[in-house]
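Novice: Now for the letters of each chain:
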Amino acid sequence: DGGITQSPKYLFRKEGQNVTLSCEQNLNHDAMYWYRQDPGQGLRLIYYSQIVNDFQKGDIAEGYSVSREKKESFPLTVTSAQKNPTAFYLCASSILGEYKSTEAFFGQGTRLTVV
Amino acid sequence: AQKITQTQPGMFVQEKEAVTLDCTYDTSDQSYGLFWYKQPSSGEMIFLIYQGSYDEQNATEGRYSLNFQKARKSANLVISASQLGDSAMYFCAMRIFGNEKLTFGTGTRLTIIP
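Residue numbers (the numbering used here), protein chains in the order written: chain X, 1 to 115; chain D, 1001 to 1114.
Careful: at least some of the hints might be erroneous.
Not close to chain X: a few residues of chain D, all C-beta gaps over 12 Å, as computed [stated by the list, open to error]:
#1 1003
#2 1027
#3 1044
#4 1048
#5 1062
#6 1070
#7 1071
#8 1076
#9 1083
#10 1086
#11 1089
#12 1099
#13 1101
#14 1103
#15 1108
#16 1112
With beta-carbon atoms standing in for the labels, derived distance ranges [claimed, not checked]:
#17 X/9 x D/1014: 47 to 53 Å
#18 X/59 x D/1044: 31 to 37 Å
#19 D/1043 x X/28: 36 to 42 Å
#20 D/1113 x X/67: 22 to 28 Å
#21 D/1040 x X/7: 19 to 25 Å
#22 X/28 x D/1012: 40 to 46 Å
#23 D/1005 x X/52: 31 to 37 Å
#24 D/1040 x X/15: 30 to 36 Å
#25 D/1058 x X/69: 39 to 45 Å
#26 D/1026 x X/17: 37 to 43 Å
#27 D/1098 x X/52: 37 to 43 Å
#28 D/1014 x X/83: 22 to 28 Å
#29 D/1057 x X/12: 24 to 30 Å
#30 X/84 x D/1114: 23 to 29 Å
Which stretches of chain X does chain D cover? Using the computed rule of at least three CB atoms under 8 Å from a CB of chain D, they are [what the hints assert, rightly or not]:
#31 4-15
#32 36-47
#33 102-114
Don't read these hints as lab results, they were simulated from the structure.
Since the structure is predicted, the reported quantities are computational estimates derived from the model, not experimental observations.
Just so it is clear, CB atoms sit at the ideal spot from N, CA and C, and this is done for glycine as well.
Please work from the sequences and hints to get the whole structure.
Specialist: Here it is in structure tokens:
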């Protein structure tokens, strides 16, 4: 079945450590996105990518980094520079370039906790 | 810059009544799409309905309809005959075609009362 897989579901990190969240899709989508969601809050865009080897900063990119070496994969690294990384992280993907109902498909999320 | 505003942090609605969730947006682009998503307590994001900026008719999907008023830059979601299973967070989102940036509002927590 096609879809988006995020791993792990739960992640614990010590302060000062970098950690990488995985996002893989087999939907052949060009666009991929990373969002952060704090409790009871909306989704804030961290990074997005339209094509392999290219990505753009979203609204809250500081303290995060991404790569897009393959169409299927868009990993997110939460660096030690991110002051408050505890949150729910959602990855999404969609087709692009056409004016139609190209809704984004989401993974199940990764809940990151700094201990 | 694009922006989505949802001014209702929470709503309580009696079961079987209709409910309108507000969404206003701001963009200078002409070609864009508006989306509504539902997020139950499990955290998954469920796509509900889409409206394109050039679409002349309001979108409908089952019990969901989108009241699109382009001049006012509003895209309100209407849920008819609400059910207990409609209790969730609801997010409005906008995507600019061309740069593909997908931006979400802060959401509305809808609670259906039996």
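Novice: So, against the hints stated earlier in the document, which numbers end up violated here?
Specialist: Violated hints: 1, 3, 4, 11, 12, 13, 14, 15, 17, 18, 19, 20, 27, 28, 29, 30 and 31; rest satisfied.
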